[in-house]
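The numbering of the sequence shown is the working numbering, which starts it at 72 and goes up by one.
Check before you lean on any hint, since a few could be wrong.
[Stated by the list, open to error] Below 25 Å or equal to it, Euclidean Cα-Cα: the simulated SDA-like pairs (lysine to any residue) are: (1) K75 to L123; (2) K109 to A135; (3) K198 to A105; (4) K198 to E118; (5) K198 to D163; (6) K192 to A126; (7) K198 to A223; (8) K198 to T221; (9) K199 to I99; (10) K186 to Q232.
What the hints contain is simulated information worked out from the structure, not anything from laboratory work.
No experiment lies behind these values; they were computed from the predicted model shown.
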Amino acid sequence: MDRKEFSQLIKSGQVQGAYLFEGVEENIKAATLAALRKALLPEGLEELNESLMDAPATDAVIAACETIPFMADKRLVIVREHPALAGRADADDKLVSYIPQVPESAVLVFLCRGKADARKKLYTAVKKQNGIVTFAPLTDAEVNAWIVRTFAALGKGCTPQVAA
């Protein structure tokens, strides 16, 4: 799915399971993750219901997902740069088999800079759950619209011609 489809899932409140954010648009990935965080985690309780991990062990990922949310409906588990997605290592079978079993009380997000290695077992497991979210480069029209929106948010005017 692309970033627009995932944004619709966030708005409809249907985000569940495991996702992999991949692609070259790092700023849009960060903005989408911030929107997901805002939608899932109650204000003031974000840190209690979020786990941010860098290349963790499988047991740590599973333990974070299995932790019951505190005064919230869901828990957000973010795994940055997992070695099993970048081609440096293979995911163990325990993590691969856990992907379809992520509890409803957790959302697991793998963040990958650039494109993940689609030949890896972990990638395939997330793909089977329809959890691959691709952040492709913006088109010229999308960049222009973003410029106009950004100016408007700052209280300034900008025509589409000036943005182009």
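Tested hints:
1. K75 to L123: holds, 24 Å
2. K109 to A135: holds, 19 Å
3. K198 to A105: Distance of about 22 Å is within 25 Å: holds.
4. K198 to E118: violated, 28 Å
5. K198 to D163: holds, 17 Å
6. K192 to A126: holds, 16 Å
7. K198 to A223: Violated. K198 to A223 sits at ~37 Å, over the 25 Å cutoff.
8. K198 to T221: The given pair, whose Cα atoms are some 33 Å apart, is violated under the 25 Å limit.
9. K199 to I99: Since the Cα atoms of K199 and I99 sit roughly 24 Å apart, the hinted pair holds (cutoff 25 Å).
10. K186 to Q232: violated, 33 Å
The structure fails to meet hints 4, 7, 8, 10 from the earlier list, while all remaining hints are met.
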